[in-house]
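Can you build the whole structure from these sequences, using the hints too?
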Amino acid sequence: MNKYLKIFSPLVFLFSLIMILCFKSVPSGKLWKNYSVIYVPLETEESLVSSVFDELKIKNVIRLSSQYLPLLVSENSIEVSMLRLNYNSKDFAYTSKRNALFFDKANKWRLYYIPNEFKSEISQICEKIESSGIPCGSDNAASFPYLLIVVELLVCGMLFVFVKNKIPFLAGAFLPLVFLYSNPFYPIAMATCLVLLCLFFVCNIWKRSGALKLLVSRRIVPLMLLVSFISAFAGSVASGFWFVLAAAGTAGALYSVYIAENWWRGKKMFEPVLIRPAKRVSLFAGKAFTILGIVCGGAILLFALFFLTSSNTINARTAKLLLPSNTSFQDSSLPSMNEYYRWAWNVKTYPYKSLNKNAASLAVNAEDSEQNAANPAGSKNSEAVEFDDFVEDAATGIIGVNRKIMRFDDSFKKDIFDGIDSLQFDSAEKLMKSENSNFTGGYSAVNSYQINFFGIIMMFICLFILLFIYFSIIIRKGFNK
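Numbering (my numbering), first residue to last: 579 to 1059.
Misleading hints may appear alongside valid ones.
Claimed, not checked - Computed list of lysine to aspartate or glutamate pairs in EDC-like fashion (alpha-carbon distance at most 20 Å, straight line):
| # | residue 1 | residue 2 |
| --- | --- | --- |
| 1 | 742 | 633 |
| 2 | 668 | 961 |
| 3 | 637 | 699 |
Claimed, not checked - Across the chosen pairs, the derived CB separations fall in these ranges:
| # | residue 1 | residue 2 | range |
| --- | --- | --- | --- |
| 4 | 701 | 612 | 17 to 23 Å |
| 5 | 739 | 593 | 27 to 33 Å |
| 6 | 623 | 735 | 52 to 58 Å |
| 7 | 620 | 748 | 52 to 58 Å |
| 8 | 854 | 752 | 26 to 32 Å |
| 9 | 701 | 843 | 56 to 62 Å |
| 10 | 684 | 816 | 23 to 29 Å |
Treat the hints as calculated values from the structure; they're not laboratory data. Positions of the beta carbon are idealized from the N, C-alpha and C atoms, including for glycine.
And the structure:
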């Protein structure tokens, strides 16, 4: 069994490290690659917002009022005429869904999309709009909370100074800090304080007889681990599961150090023996007030940062602000690029579709069968429309007939996608194209590092446990000083 543990312990650590870094959940308010979002209350007059854009020389803003027919067809064409006649048909529902890109999910805020070249002016835009007494926000408001990492590094560094066995402490603290970097949420930062204190205890009685029994008998230690585990889920459901993996990786790192130290001591002529059992050694390395002052101070500082930088957190999450973005799962109220392709296909082919669907289908299928037989390797089922195109010969004046076939295939989609850049207005399709050719609209939260009430409760519980230990020391109960 020990042989397998020697092999798998470092592998578990490396696997945990790689997975946590690869699947990190870093908060970022920015929802679009090439655009920033400005949002104002729905009832705000657009003229006021436009005047701010003009004053700051902000150009190419994508807004609802600037949306027109997103297709390269003539205004007087038969395609546009048929579209107007059938505007409410489900075949042309895309344009209505496209309008949803300019409102939040609760339909309380109106959205404007600012190109990244004007990103530095976002704060000025918000300030000028707010100076008129109108609330204004931006998805750029959220940024990576580096201060969480700084606070935990300071706590870890100060504990490192006082811990008895420094190498195991560094090995054990590495993965929790990496986990916090990959999931920088306030509940996880509070949980990290508890984890670091537990590691401090472990490393002070490192390799002493009865160490594990002592830690389990001190009920507050298992309680801290349990609370830190629950706090990880308060950050997000995914971070809770990754916390389990981080715990396994930390155990693997500690056991790897244990094996490495035993191997190194075996190389020496004299191998020292730890005489005192764990219960005779101070968990706090004789500096209980200092250690708890460090950890409690870090936790209190995290609380201060939380309330200073997120003063509107509770309200923001109660009335959760969800804005359109590119997501893996489409929301039915928002458009997708595939729906745009289908809409463009309907507009272009509607005047030429036969009312006798069976006859049209038989004609197209017969031709597809002939093409597939001639080129079986390139055969591909696709929707098609066949129609006559009348062309007048400029020299003779004779009107000729050309048989045309339009196919709803990858080539058609590529032509539509490439044609977006040729639209003579700042279209929502340009916003969608800036993401990718398979854009699917969904809703994402702004300032995603803000937490819910459960997370706030877990933060208070973490702080309460630390303060409980601190006051237990004062009245000389529960722990060895």
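For each hint, the structure was consulted:
1. 742 <-> 633: 63 Å, violated
2. 668 <-> 961: 18 Å, holds
3. 637 <-> 699: 12 Å, holds
4. 701 <-> 612: 17 to 23 Å: 19 Å, holds
5. 739 <-> 593: 27 to 33 Å: 31 Å, holds
6. 623 <-> 735: 52 to 58 Å: This hint holds: roughly 54 Å between Cβ atoms.
7. 620 <-> 748: 52 to 58 Å: 53 Å, holds
8. 854 <-> 752: 26 to 32 Å: 28 Å, holds
9. 701 <-> 843: 56 to 62 Å: 59 Å, holds
10. 684 <-> 816: 23 to 29 Å: 25 Å, holds
Hint check: a violation occurs at hint 1 only; the rest are consistent with the structure.
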